[in-house]
Amino acid sequence: MSTLLDVKDLVVRFYTQEGTVYAVNGVSFELEEGETLGIVGESGSGKSVSSLALMGLIPSPPGKVESGTVMFEGRDLLTLKPDQMRLIRGKEIAMIFQDPMTSLNPVLTIGTQITESLKLHEGMNTSQSRKRAADLLDLVGIPDAYRRLDDYPHQFSGGMRQRVMIAMGLSCNPKLLIADEPTTALDVTIQAQIIELVKQLKDEFNMAMIWITHDLGVVAGIADRIQVMYGGRIMESGTSHEVFRDSRHPYTVGLLGSLPRLDSSGEEKLTQIEGSPPDMRNEPAGCPFAPRCDVREYLQLEKCWDQRPPLESVPDVDGGSMHIMSCWADIREGVLENV
Amino acid sequence: MSSPAMAVDKQKVLDENDHILEVSDLKKHFPISSGIVFQRQVGAVRAVDGVSFNVVRGETLGLVGESGCGKSTTGRTILQLYRPTEGSVKFEGQELSTMTGNDLRQMRRRMQIIFQDPFASLNPRMTVGSIVSEPLQIHNMYANKKERQQYVEQLMERVGLNPYFINRYPHEFSGGQRQRIGIARALALQPSFIVADEPISALDVSIQAQVVNLMEELQDELGLTYLFIAHDLSMVRHICDRVAVMYLGKIVELGPVDEVYDNPQHPYTQALLSAVPVPDPVVEEDRQRIIISGDLPNPSNPPTGCNFNTRCPVAFDLCYQEPDPPLIEVRPKHFVSCHRVT
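These protein sequence lines map, in sequence, to chains A and B.
Going by our numbering, the final residue of the first sequence carries number 508, and the count climbs one at a time with no gaps.
Going by our numbering, the final residue of the second sequence carries number 343, and the count climbs one at a time with no gaps.
This is chain B alone, in the form it adopts within the complex (with noise of 0.2 Å):
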């Protein structure tokens, strides 16, 4: 598993202008569409509607926010599983947004995803070993069945799976198990870069922490640079480098994790962060929490201005009037886009 290639980074030391990803106003819209012999587009899904970042090589980058906010539709859009309605991705240089065919199948070999749901995301059918071995049957790795074999029983060993276990169907294993396999499956062809779309949150607290450990090992391990999409606020801050929070298909504040939670600039980060429950009565009872009222609008009709300002607690005129103004660095490395701090 350890070839030289991929190079030990214990240290985590980051070279911040060595962007692995580089995404630049993102947009992808759903149609929808109406008539029954002859459709026609009514209107469109707001999923994902401008969104910039950059990744940084061997970082972890959160992106985080509440169902519907266009997180996963922006992790998926990256990898061109979804074909992007405007905008540009930038992966190791190369832009993906115009790749097709080959170029781009030869692309996915250096970029991965973990799904949310181990029991959705695993063909019932097919044996771990198959599972597992199949990007490297795609990519014509391994040729060699032997070989293969033996990568994949080394894999599933990296994981924390009994290699013992590859002629076995995902229904022999638990929640956390399958996760691993999902991992594994990510892990085949050496990627550099894994999108991991809320990958705990489909298990138990106690199961919870033996799969974050086991991608952070990873990760120091063989160099990974991750987009770790979740709405685990806390489990974020444990994980992440950086974080982003998005809002109704657009990110409203960026910046490193210790400093976006510790001081949040954008009134939707405030309150999101205040309504996280702590595991511990004392702190509990200090807190003050921002309840915004209301529910997310939906993204097929934004309102007009800023996004936020059906549920801002500190709406002005202009919030009403301007659309959200782009994201401004306030603090070192810290972007937000809100009206009132800009």
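Next up, chain A with everything else stripped away, as it sits in the complex (with noise of 0.2 Å):
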């Protein structure tokens, strides 16, 4: 496998009235083809904002991308002119949205939404777009597919709108696929639907994909990889065995911890993360989470204050892992005991 999508210190800010908003502040990864990877964090970690980045979506004004690379089979995405980055939207690279409710043009029949990319990219006449639109909407499960065309969204449940947004990314088979919190706005058994629906379509496709989500049990099932963000940069990155089974860094740690398991009963107390998230329109100047952390608390670590720990490599883990953090503490030998 070879690298698809390779960003490299990625900033980005808003400049609002109310101050600079440091929404984004250093964040690489990698992408392999066909992986999956699982971004997760709170409202304000960061998350979408990078994705819109990387498709070039920031609104500007007041948002701008302050540096950084993408680096998207050989091109920096982040150089393109407007109408160059418009040839790869839609067709390399698709990206379905949380809410199908307003993503979804009201005044316009599906058949029309999901034919234009297949028009503008693909030079389809009306009649091959048709078909192939029916065909997509066959392919994510709505029945009666060609008559369907004509309906508008409203003629659609959420559920059903969310697969209608899933045939319009798959539409110019991408190579990758973004979906920001596609099933957040969904019903669990709704959820259950679709994600089996995508992990399907991603095999057949042979798509890499990015899933964005502020839950850890949707990715737990599909991400090949997890990469934890808080204050706007990444926390902690592994296969979904080692974040989720081998936690290392303290924000992950407390975040399953304070998370109910529907697989065991309730007797003890969640463990709690202490405060809120952070202001973003400051600055940190050093771990985004240290006025939350118990670890900096107990080890009486005075760096983590003002300086930016590095994302390295986890200390003792086995070479070829891409389990990383960026954090000063080391978790193990009995420090979480003690907390």
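Simulated from the structure, these hints should not be mistaken for laboratory data.
No false leads were slipped in.
Ranges of calculated distance between the beta carbons of each label pair, as one might list FRET restraints:
(1) B:31 - A:466: 50 to 56 Å
(2) A:365 - B:259: 24 to 30 Å
(3) B:286 - A:499: 27 to 33 Å
(4) B:342 - A:231: 56 to 62 Å
(5) A:415 - B:125: 44 to 50 Å
(6) A:242 - B:286: 29 to 35 Å
Ideal Cβ positions, reconstructed from N, Cα and C, are used throughout, including at glycine.
Got two chains here, separate frames each, mind docking them using the hints?
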């Protein structure tokens, strides 16, 4: 497998009337062809903004990509002109958004919206594109697909609308699909349907995928690799086994501890992370998690406040492992038991 | 805050025959009308369509289901925020559905609600102090202004807010802090029963545990009874003693949480539980999902026969002919409404 996407040191800021928002503060990651990367974080962690940045979709002003490179098949997406970027967006890289209610145009039929990118990128005529659109709707499990091309978004339920979004995303066989909280607005039984569908289509199309979510459970089942974000930075990254079963960052440990489990009765109290997420209008000098970190408090680490920990391999890990984290502390050897 | 009237109940010993709330055959239908000048009713959304259950004093009963299943409407109808179309709601032995005016207002001191969205449920033009003390004014408690402020400060402290912020406005707080304000407001009248309508679903993951732990502490300390409405099934298992699963306005399964989660009997409960992802890749690899197809039917036009028959993987003849059977006790304290089981 070869590298499809290589993001290096991405910095995104928003210059608003209330001050500068430091949304993404140096994010680097790679994505192999056909790989699924789960990006997990709470609201304001920069997970959506970083993916919008690599699609060239940061509204400017007020937003600005301050620095960084996004190499996709040998080209830096951040330096492309708008019309060059338009040829990639929708064709090479497609995106599914959180809310299918608002990301479809309510005054155009579903058929018009799906065929738009087919006509633009694939040069199809109306009858060819309609046939392909109907095939796509069929593929994502919408019954009576050809007839439904002439329906409007309000005639579909939430789950069906998300299927339409997925059909649109897949229409030009993209190499990379970015799904930004695609199931957050849906009920669990519908979420299970969509996850199953995406898993199956991903293999069929051999796409790489970035799945952005705040739900740790969702990515545990689908992602090859997980990246945990907080305060516009990557805290920990590795295979899902490494991140969930051998967590090394205090934030990941805290987050997992604060989640109740469906598969065990909840006798013990949930461990809670004190405080609240950082105000992104202040540029954190050190680790963004420092104010809420129990481990920092226990180990009396002073440098957490003013020195940014580098994103490096976790200590004592097999060669070839991708398990990396950004923390000054080593939480093994009984540190957690004492916190 | 700790008056002798509020007994401390750390061990959570529940008397199962001490029902704080008895709901029987509760229905709430919202009319659909048509016509511009002369409005006439052409149908009804059967949001809650015959729900019966009891709540034991001191327990937390979870009410779960997908959006549109009627769980929030049930909570609000119990508190008489919506008046029921049919059925009875008995709270501490008194029938609420026929009660009006001042009598009902007096009952509201004993039962309160925490809302889902802490951004929408607090008046942006009122300070925290006036939000929390408004119920006290309405019910003429703590008429002395100074005493009232002291009490509000105690409440704020109890829910983890700095009393120093008493004169601040809701927009100056984060989501988790706002939910604490909502909890303080609900506690102000020292109620015995609280309906918590999705109190954590609008909050960030790391904040949810804070609010849930606070609610558990308050329950232990004040002997509160909760009706916990949620769609997060993992959290319900953690916080609740018993759980009721709703589908299209009816309860399909009811029982102690561990019993229902480990031995779900209704096909809908089985599908619902199997659809919830677990944050553990090893567990996820081995899990068998029951994927039910389709969407929730329209509650103004429910299917004939059992409500679940349009999506049920094991439906047979009877399910299309006969309406869903009443809840039947299949195991101790575990009730199910399904033709397959009975």
